[in-house]
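Fit chain G to the given chain D structure using the hints.
Going down the list, the sequences are from chains D and G. Each residue of the first sequence is one higher than the last, beginning at 1 in this note's numbering. Each residue of the second sequence is one higher than the last, beginning at 1 in this note's numbering.
Hints listed in this document are in silico derivations from the structure and should not be mistaken for laboratory results. The C-beta atom is built at its ideal place from N, Cα and C for all residues, glycine as well. It cannot be assumed that every hint is accurate.
Claimed, not checked - Quick list of the computed label-pair ranges, beta carbon to beta carbon:
no., chain 1, residue 1, chain 2, residue 2, range
1, G, 47, D, 147, 28 to 36 Å
2, D, 14, G, 223, 27 to 35 Å
3, D, 141, G, 236, 48 to 56 Å
4, D, 64, G, 40, 46 to 54 Å
5, G, 40, D, 61, 45 to 53 Å
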Amino acid sequence: MSRARDTIGTWIGWAFFADLANGLALTFGYMFSKPVTMQYPDQEKWLPYPRYRGHHFLKRDEEGEIKCVACELCARICPCDCIEVVPYEDEKGNRRPAKFEIDTARCLFCGLCEDACPADAIALGQQYEFSSFSSADLVIGRDDLLAKPGKAATGGGVVAARLNTKKDVLVETKETQGYNWWRNIRRT
Amino acid sequence: MELIVALGLIVFKVAFLIAILLLLPLPLTWLERKIAGHMQQRMGPMRVGWHGLLQPVADGIKLLTKEDHIPAEADRFLFKLAPILALAPPFVVFVAIPFGESVSVLGTEITLYVSNMNVALLFVFAVIGIEVYGVIFGGWAANSKYAVLGSLRTCAQMISYEIPMGFAVIGVVMLAQSMSLLEIVRAQADLWNIVYQPVGFFVFFVAGLAEAQRIPFDLAEAEGDLGAGFHTEYSGIRFAFFMISEYAIVLLVSVLVVILFFGGWNGVLIPLPPLLWFALKVAFFVYVFIWFRFTFPRYRYDQLMAIGWKVLLPLSMANIIITGIAFV
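Chain D with its partners taken away, still in its complex shape:
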């Protein structure tokens, strides 16, 4: 009985375009839903997850000395041969890199240099906005690598794309300049 009524109901619905009306109601509802678009360069951007492999950076030890011992293991293990290290002996008699260049145009961001490093001196950080019009600009030297942002403490969220933030993006940052400012921005 109920099945027969269901069939009749289906036919009546079909005759009066119930399915089309459902579709129209759905799209009408979506029209008033919040867009998922991230207005990237203007307002907000994606903060990568902590395990994200972005731009390389070189670490310093507690004394502020560069950790790298210029063993060139990273250069050896690099599958695309994009790291070039030239060692020298500093005044304390330690082996340090005189030249440490990464050609990020060739780098495939595998993170093998990070694994191979015996001194825990190089890692892949969080920054991903370093596109350039010239591939020569993508060869990053030692001092630039030291200045790059490190691993993300947290991530996987939306942050302000620029410092002139809009109302629902809260900025908590100690430094508003330099490479690190955006690590501390959280959306409320």
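For chain G alone, kept in the frame of chain D given last:
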């Protein structure tokens, strides 16, 4: 002297109509992209002007400065003729469309229509039929596979929807005892035709969707399967002609639906100026066109022909018979 004033008034009205019809596609494209974006949880144009309001202007400048390319193997005469043939009829049709009774400006009564033809409805259908030739010629002249497929589909489509469309309005004509659009609207002063003619409205609106070549019946363009259909090979201002023509027809079908079935400028409950009532109703149907576009998939053209011949035609015939028995 009176003749000069009358002539000047007509010229002014025609110029005003043309200006409106040429400028209206600008906000309509913006609206369409905005509504499309929000229905798909995007934002639509955002960069040019406030919320992308100047985007249509930028698009217009782009189309005007683009190369006007004619394919080497194309039929040059027909290729140049087609956009004009597609653009002119929707503009001509608006001569017969009334937008209201009259308004008094500086003590003189000005009628809100260019001409009150006694066969306005016939004129509308006759002229708007010519528009299809622009589409067919455009696809044929381009000498390209996709374009000619689009044209073939238009030919098949046109025969299927024009006949039910013509039959659907006969009920309205029977009720008003006139083919003048002005008389039809006056006849609906008490009760709109949609109450008597729901089937006629349905048939007319579905056929109107096909007439305007909008989804779900945009077989001639069919971006998904034909590139861009009949205007694949068109670029620059000629392409813009086709787009303006499409929006003018969307507007025309909305206006016709309002005049024939929704009481024209007769309002209900809320006392608004008649012209505003008319504009609001037309705006609603233009929105419905856009809404449909981003809700429904495209029918195959054999399905469209099946709908036209097996559903719409019998429905419109039955509508005529029932209207005839009940009201005449």
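Cross-check of the supplied hints:
1. Between residue 47 of chain G and residue 147 of chain D the Cβ separation comes to about 32 Å, which falls inside the hinted range of 28 to 36 Å.
2. At about 29 Å, the CB distance of residue 14 of chain D to residue 223 of chain G agrees with the hint of 27 to 35 Å.
3. Against the hinted window of 48 to 56 Å, the Cβ-Cβ separation of residue 141 of chain D and residue 236 of chain G comes to about 49 Å, which satisfies the hint.
4. Between residue 64 of chain D and residue 40 of chain G the CB atoms are about 52 Å apart, so this pair conforms to the stated range of 46 to 54 Å.
5. For residue 40 of chain G and residue 61 of chain D, the hinted distance range of 45 to 53 Å is satisfied, since their beta carbons lie about 52 Å from each other.
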